[in-house]
Amino acid sequence: MTEYWILAAIILLLFLASLALWLMMRRNQRWAKSILTHLIFIAAVFGLILTIREAVYILLGHFKISVITSDMVDTTSIFAMAILAMLQSFQLINRLTYSHINRSNDPTTARLIARVLKLSIFLVLVLLFGEHFGIGLSGLMAFGGIGGIAIGVAGKDVLSNLFSGVMLFFDRPFSIGDWISSPDRQIEGTVKEIGWRQTKIMTFDHRPLYVPNSAFSTISVENPGRMTNRRINTTIGLRYEDAAKIADIVEDIRTMIKNDEKIDHRQTTLVFFNGFGDSALEIMIYCFTKTTVWADWLAAQQELYLKIIDIVHARGADFAFPSETLYIQSNNNQTPETIQSAIR
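Under this note's numbering, think of the first position of the sequence shown as 27, with each following residue one higher.
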């Protein structure tokens, strides 16, 4: 009778210790991210499971219960310990992953490492506890060989996506948060997640787009999210009667751009009289802003355009618009009425 009370006391203490650790990990982030805390919690619950198993053995022997065998108790306890170890390991990996993502700018690497660690832990647990469920190492290897051939034949598209996902990690054409587009496909948006099989892209109209990883090995991908500058490329048209003022206007625009702090002067800057249009003398303006943020670029471009308008007007010139000039030969015998009827 005494050993029953001892086992009951041990079970109660281990249960209270496990519950206290679980509550602390729920409320304290430092404890939740501590590997030592998770190991202590796993050890406490393992001890609780093993103690309960011993208590069940004693009860089965005392009451002569034959419906429940010792093998069933062993299998249940080992299965519970394996599930506990896997869940706690996955929970710790998830918390460490989120912590790393918040502290760094490389969520892709963090998530890939987390997936590899989870897969490794699962395989280790299968090897450690598989013998208790009749799964031997030789059986696993034989199943892996036959299953590998079957999976390779039946799921070549899945494997292609998996290998392409690994290559995306090593090649790094884009990362989570990048704005990407493809001239080959109608793909454009912000990368939200790079998975084993597919990549999630949020389009600019806020629709999720799921692209198989294998698609990126056959298409061209443009990554505007990694641009170093944004370009301003425009052409303005002046009236033909302002031809004498073109040289001064071009020089004024060059000087204005040279003094603009929002323009990156290390990049190519071009301002030239570029051609004769149908109704305008065309001036090409080509430069790059320092910012890559779209809203800031639009503001810088707007400011540049307004300054160009001021320069043109300050020189007494104006912008051209599509127009036609009608020349009528002078004839003293014609009156306004005859000219009007001729036009009609």
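These are calculated hints, taken from the structure and not from any lab test. It cannot be assumed that every hint is accurate.
Listed next, the in silico SDA-like pairs over lysine to any residue satisfying Cα-Cα at most 20 Å (straight line) [what the hints assert, rightly or not]:
#	residue 1	residue 2
1	Lys316	Pro250
2	Lys226	Thr123
3	Lys226	Gly263
4	Lys226	Ile245
5	Lys144	His64
6	Lys226	Glu248
Evaluation of the provided hints:
no., hint, verdict
1, Lys316 - Pro250, "holds (15 Å)"
2, Lys226 - Thr123, "holds (19 Å)"
3, Lys226 - Gly263, "violated (44 Å)"
4, Lys226 - Ile245, "holds (16 Å)"
5, Lys144 - His64, "holds (16 Å)"
6, Lys226 - Glu248, "holds (16 Å)"
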